[in-house]
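**Q** This is what each chain is made of:
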Amino acid sequence: MKKQKHWYDYLWIWSILYFSLGFFNILFAWLGMLDFMLPLLIAVFGGNKWFCNHLCGRGQLFALLGGKLKLSHGRPTPHILTTKAFRYGFLIFFMAMFGNMLFQTYLVAAGANGLREAIQLLWTIRVPWDWAYSAGTVPDWVAQFSFGFYSLMLTSALIGLVMMLLYKPRSWCAFCPMGTMTQCVCKIKQKDHLLQEQEEASL
Amino acid sequence: MAKRYAAVRQKDCVSCGACQAVCPKSAIAVWKGCFAKVDKELCIGCGLCAKACPANVITLLDREAAQA
Chain W
0 MKKQKHWYDY LWIWSILYFS LGFFNILFAW LGMLDFMLPL LIAVFGGNKW FCNHLCGRGQ
60 LFALLGGKLK LSHGRPTPHI LTTKAFRYGF LIFFMAMFGN MLFQTYLVAA GANGLREAIQ
120 LLWTIRVPWD WAYSAGTVPD WVAQFSFGFY SLMLTSALIG LVMMLLYKPR SWCAFCPMGT
180 MTQCVCKIKQ KDHLLQEQEE ASL
Chain D
0 MAKRYAAVRQ KDCVSCGACQ AVCPKSAIAV WKGCFAKVDK ELCIGCGLCA KACPANVITL
60 LDREAAQA
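Protein sequence lines, in the order shown, are assigned to chains W and D. For the first sequence, numbering that gives the first Met the number 0 gives the first residue as 0, with consecutive numbering after it. For the second sequence, numbering that gives the first Met the number 0 gives the first residue as 0, with consecutive numbering after it.
Isolated chain D, as found in the complex (with noise of 0.2 angstroms):
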């Protein structure tokens, strides 16, 4: 599994869908228009999702730190 993944801040989503469109694992997806949201085993922790969202509010997170 990839080392990272990306998690979206929900609450600043816009709900473009900008990040699903570039998306190559169609891993995240824009829920009922309210936020983007990540399947996290699907990711591969790419980062096109966080350099094409317009606002901002994709980072990528390390997966062991999370679990940790």
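Just chain W, with the same shape it has in the complex (with noise of 0.2 angstroms):
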């Protein structure tokens, strides 16, 4: 039996879109603040990770560039990247990344540092982009944040590529950050009942 296709399911369209956006014109990348945002509110008022199970537009790429598109190898994740221990500190490299991305924008507004028109790919390799920008149109700390998270983006999603073609679609989910930090505030909401369950469990 075919199960019935939602709105949702297409939003892997979003994702090739964003870096569509992103090409011609950087200041579609702030567009990208709805994946870091929508996720963490569902988690902290819905309780619940509806965004990574029918809203994540990566996910559903990388499934159907994987599963469908038979682009994936299908080999297992590497069990270390599957760990408590990789996945949390992973998040906290990410957010630190993320952080220094903010100081590098409010260093720009500050008036400290030039605006740079390039995008850095793996948090090391810079790439000009100044096509996709035109000085002025904006404050540059604006534009800057604007490159910043681009790269964040892309370099995410490569990583995810690779991990796609290397082992399972969606290898990327088992340490993706959002997924983590949103699975984490969902187990903290249901504390009480994970508890009972254990205590359920152990009897």
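The hints are simulated quantities; they were obtained by calculation from the structure and are not laboratory data. Accuracy of the hints is not assured; some may be wrong.
[Unchecked claim] Think about it this way: if two alpha-carbon atoms lie no more than 25 angstroms apart in a straight line, the pair counts; the simulated DSS-like pairs of lysine-lysine are:
| hint | chain 1 | residue 1 | chain 2 | residue 2 |
| --- | --- | --- | --- | --- |
| 1 | W | Lys69 | D | Lys24 |
| 2 | D | Lys2 | W | Lys186 |
| 3 | D | Lys24 | W | Lys2 |
| 4 | W | Lys67 | W | Lys4 |
| 5 | D | Lys10 | D | Lys50 |
| 6 | D | Lys50 | W | Lys67 |
| 7 | D | Lys24 | W | Lys188 |
| 8 | D | Lys2 | D | Lys31 |
| 9 | W | Lys83 | D | Lys36 |
| 10 | D | Lys2 | W | Lys83 |
| 11 | W | Lys83 | D | Lys24 |
| 12 | D | Lys2 | W | Lys190 |
| 13 | W | Lys190 | D | Lys10 |
| 14 | D | Lys50 | W | Lys4 |
| 15 | W | Lys2 | D | Lys39 |
| 16 | W | Lys188 | D | Lys50 |
| 17 | W | Lys2 | W | Lys67 |
| 18 | W | Lys190 | D | Lys50 |
| 19 | W | Lys83 | W | Lys190 |
| 20 | D | Lys36 | W | Lys4 |
| 21 | W | Lys188 | D | Lys36 |
| 22 | D | Lys39 | D | Lys24 |
| 23 | W | Lys190 | D | Lys31 |
| 24 | W | Lys83 | W | Lys188 |
| 25 | D | Lys2 | W | Lys4 |
| 26 | D | Lys24 | W | Lys67 |
| 27 | D | Lys2 | D | Lys39 |
| 28 | W | Lys186 | D | Lys39 |
| 29 | D | Lys50 | W | Lys83 |
| 30 | W | Lys2 | D | Lys50 |
| 31 | D | Lys10 | W | Lys4 |
| 32 | W | Lys69 | D | Lys50 |
| 33 | W | Lys2 | D | Lys36 |
| 34 | W | Lys2 | D | Lys31 |
| 35 | W | Lys2 | W | Lys83 |
| 36 | W | Lys2 | D | Lys2 |
| 37 | D | Lys31 | W | Lys188 |
Computed from a predicted structure; not experimentally measured.
Reassemble the complex: the two chains are provided individually, in unrelated frames, and hints are given to aid placement.
**A** Okay, structure coming up:
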């Protein structure tokens, strides 16, 4: 029996659209804040991972490329990447890089640094991206944040794509920082229930 | 009833929902963002969820062996 399709089953298009828009105009990078805020808001107020489970365009894109289009090798994700230590470590690293990006934005806003029209892949490789922005369109810090945020999104997408090719289509999900963070929020919200279940299991 | 069914090692589940996206019977779903739960009655033991699971936490168990 074929599953009924919903509108949100096509959000993989959003994932492609996001990077395409940012290629032509970096200011569209701000839209990525949706992918940042929505999972958190849903986890905090809804107490679930409905975003990961239904709305994540990236997860859908990986499932499509790796599953339907058979681009994935399908090997099991290396165990180390699925451990709590690695997942939380990666989350901390990612948040530190996010904080650094915010600090760079602040430096530009405060006038200490000039705007750099480039994106940084894997936090190290600088790629010129100057065609995507005309200087002076918006305050420099707004543009700086765009370049920084787009770098973060593209870097994580590239890591996810490599994971998809080498391992399972959605191997990225095993250590996605947003996924780790939202699961942590949900577990804290269900703390009492989880403790009770644990006690019952140990009886 | 199918011979096998899927079982989730809940403490290591990342609740991404890759399993529920592929399940043809809607027999597996993420419970309140914490981990995936299987409805044993509905599960047909096809193994699609185990194949999709990025955290490698789903295994197929033998129904008869589990009951014994």
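**Q** State for each hint whether it applies.
**A** Hints, verified against the model:
no. : hint                : in the structure
1   : Lys69/W to Lys24/D  : holds, 23 angstroms
2   : Lys2/D to Lys186/W  : violated, 33 angstroms
3   : Lys24/D to Lys2/W   : holds, 9 angstroms
4   : Lys67/W to Lys4/W   : holds, 15 angstroms
5   : Lys10/D to Lys50/D  : holds, 19 angstroms
6   : Lys50/D to Lys67/W  : holds, 14 angstroms
7   : Lys24/D to Lys188/W : violated, 29 angstroms
8   : Lys2/D to Lys31/D   : violated, 29 angstroms
9   : Lys83/W to Lys36/D  : holds, 20 angstroms
10  : Lys2/D to Lys83/W   : violated, 33 angstroms
11  : Lys83/W to Lys24/D  : violated, 30 angstroms
12  : Lys2/D to Lys190/W  : violated, 35 angstroms
13  : Lys190/W to Lys10/D : holds, 13 angstroms
14  : Lys50/D to Lys4/W   : holds, 22 angstroms
15  : Lys2/W to Lys39/D   : holds, 19 angstroms
16  : Lys188/W to Lys50/D : violated, 30 angstroms
17  : Lys2/W to Lys67/W   : holds, 15 angstroms
18  : Lys190/W to Lys50/D : violated, 30 angstroms
19  : Lys83/W to Lys190/W : holds, 17 angstroms
20  : Lys36/D to Lys4/W   : holds, 22 angstroms
21  : Lys188/W to Lys36/D : holds, 18 angstroms
22  : Lys39/D to Lys24/D  : holds, 11 angstroms
23  : Lys190/W to Lys31/D : holds, 11 angstroms
24  : Lys83/W to Lys188/W : holds, 18 angstroms
25  : Lys2/D to Lys4/W    : violated, 29 angstroms
26  : Lys24/D to Lys67/W  : holds, 19 angstroms
27  : Lys2/D to Lys39/D   : holds, 11 angstroms
28  : Lys186/W to Lys39/D : holds, 24 angstroms
29  : Lys50/D to Lys83/W  : holds, 21 angstroms
30  : Lys2/W to Lys50/D   : holds, 18 angstroms
31  : Lys10/D to Lys4/W   : violated, 31 angstroms
32  : Lys69/W to Lys50/D  : holds, 13 angstroms
33  : Lys2/W to Lys36/D   : holds, 19 angstroms
34  : Lys2/W to Lys31/D   : holds, 22 angstroms
35  : Lys2/W to Lys83/W   : violated, 33 angstroms
36  : Lys2/W to Lys2/D    : holds, 23 angstroms
37  : Lys31/D to Lys188/W : holds, 9 angstroms
Taken one by one, the earlier hints fail for this structure at numbers 2, 7, 8, 10, 11, 12, 16, 18, 25, 31 and 35, listed in ascending order.
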